[in-house]
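Fit chain B to the given chain A structure using the hints.
Listed here are the chains, written in short residue letters.
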Amino acid sequence: MVYLTRKAEFSASHYYHNPEFTPEENQRIFGKCNNPHGHGHNYTLEVTVRGNVDQRSGFVVDLKELKDIMNREVIDAMDHRFLNKEVADFKDRIPTTENLAISIWQRLNSKLNLAELHRVRVYETPDLFVDYYGEA
Amino acid sequence: MKAYLTRRYWFSASHRLHSDDMSAEENHSVYGKCNNPHGHGHNYSLEITVAGQVDPRTGMVCNLMDLDSFVHKEILERFGHQNLNTLREFQRIVPTTENLCVEVYGVLKTGFHHAQVDKVRVEETMLNSFEYAGGEAIRF
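Chains as they are written, first to last, in our numbering: chain A, 1099 to 1234; chain B, 6 to 145.
Pulled out of the complex, with its shape left as it was, chain A reads as follows (with noise of 0.2 angstroms):
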């Protein structure tokens, strides 16, 4: 079993509200978050396949093909967006860095067919990031 690592960049910007808080609610949980005009991030997204190496070609995954479906599923979707308003995952979703891992884990994994997804990894900023493996 080896374990494979593909990493992509995208910018998008976002804000944390829920509305079933009251404003003073919201802005005391998600403090300069909850700005409603939004403001951004360079993420970092790190993906993680596992698998057995195809003996005939020493791959676990074919990098092209995963680096295909990470642009299509997820940075053509999120890059250059206000994630709150323009994608809809974020309908009645917060788009922390926890429901972002959740949300790409969701959109990669019903389309990785050679390796099985490992872990989706987000940096919001270098000194934060947000792992998530599939867990319930």
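Don't take every hint at face value.
With a straight-line Cα cutoff of 16 angstroms, these simulated EDC-like cross-link-like pairs (lysine to aspartate or glutamate) come out [unchecked claim]:
no., chain 1, residue 1, chain 2, residue 2
1, A, LYS1130, B, ASP71
2, A, LYS1130, B, ASP25
3, A, LYS1209, A, ASP1160
4, A, LYS1105, A, ASP1174
5, B, LYS114, B, ASP25
6, A, LYS1105, A, ASP1166
7, B, LYS7, A, GLU1233
8, A, LYS1209, A, GLU1171
9, B, LYS78, B, ASP60
Calculated from the model, a selection of chain A residues having no Cβ within reach of chain B, i.e. all distances over 12 angstroms [stated by the list, open to error]:
no., residue
10, LEU1161
11, ALA1199
12, SER1208
13, ARG1219
Among the chain B residues that face chain A by a calculated CB cut under 8 angstroms, a handful are [said to hold, decoys possible]:
no., residue
14, VAL59
15, THR63
16, ILE143
17, PHE145
Calculated from the structure, these hints are not laboratory results.
The beta-carbon is built from N, C-alpha and C at its ideal position, and this holds for glycine as well.
Chain B only, in chain A's frame:
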């Protein structure tokens, strides 16, 4: 759904690696330059991983403000810009980064209750790093 959130902090401190249980020669041979009696310093990078169910109301494992304020008060202010050997925590143990890692994990485990404390990772320099998950295997 369970997620793991990691936040990185920085602090600078000095230490000297020296054990009273060893002779001067032994200390010198085991710890080398790190045994210099006046100590030396590092910029430590501290990565703290907490885990838990993502709260559907906030989208968070825990509020970063709670984690940041705890870490600043209980860890960065305690260890930052200190000579580690002078601290109560290191009167009986050598302030290696292994021991620092275990110590920081203990502070979190005892005092931080907003999420499950998963792991502590400390980089002493860009070339050395140490991880502790309370004796559990480190998840890759």
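Now for the hints, and whether the structure bears them out:
1. LYS1130/A with ASP71/B: With a Cα-Cα distance of about 15 angstroms, the restraint between LYS1130/A and ASP71/B holds, given a limit of 16 angstroms.
2. LYS1130/A with ASP25/B: violated (50 angstroms)
3. LYS1209/A with ASP1160/A: holds (14 angstroms)
4. LYS1105/A with ASP1174/A: holds (15 angstroms)
5. LYS114/B with ASP25/B: Violated, at roughly 29 angstroms.
6. LYS1105/A with ASP1166/A: Holds, because 12 angstroms separates the two Cα atoms, which is no more than 16 angstroms.
7. LYS7/B with GLU1233/A: holds (6 angstroms)
8. LYS1209/A with GLU1171/A: holds (9 angstroms)
9. LYS78/B with ASP60/B: Violated, because 25 angstroms separates the two Cα atoms, which is more than 16 angstroms.
10. LEU1161: Holds, because the least Cβ-Cβ distance between LEU1161/A and chain B comes to about 20 angstroms, which exceeds 12 angstroms.
11. ALA1199: ALA1199/A not clear of chain B: closest Cβ-Cβ about 6 angstroms, inside 12 angstroms.
12. SER1208: holds (16 angstroms)
13. ARG1219: Nearest chain B Cβ is 9 angstroms from ARG1219/A, so the label is violated.
14. VAL59: holds (5 angstroms)
15. THR63: Interface hint status for THR63/B: holds (6 angstroms vs cutoff 8 angstroms).
16. ILE143: Hint violated; ILE143/B Cβ to chain A Cβ min 12 angstroms, cut 8 angstroms.
17. PHE145: Constraint on PHE145/B satisfied, holds at 7 angstroms.
When held up to the earlier numbered hints, the structure conflicts with 2, 5, 9, 11, 13, 16 and fits the remainder.
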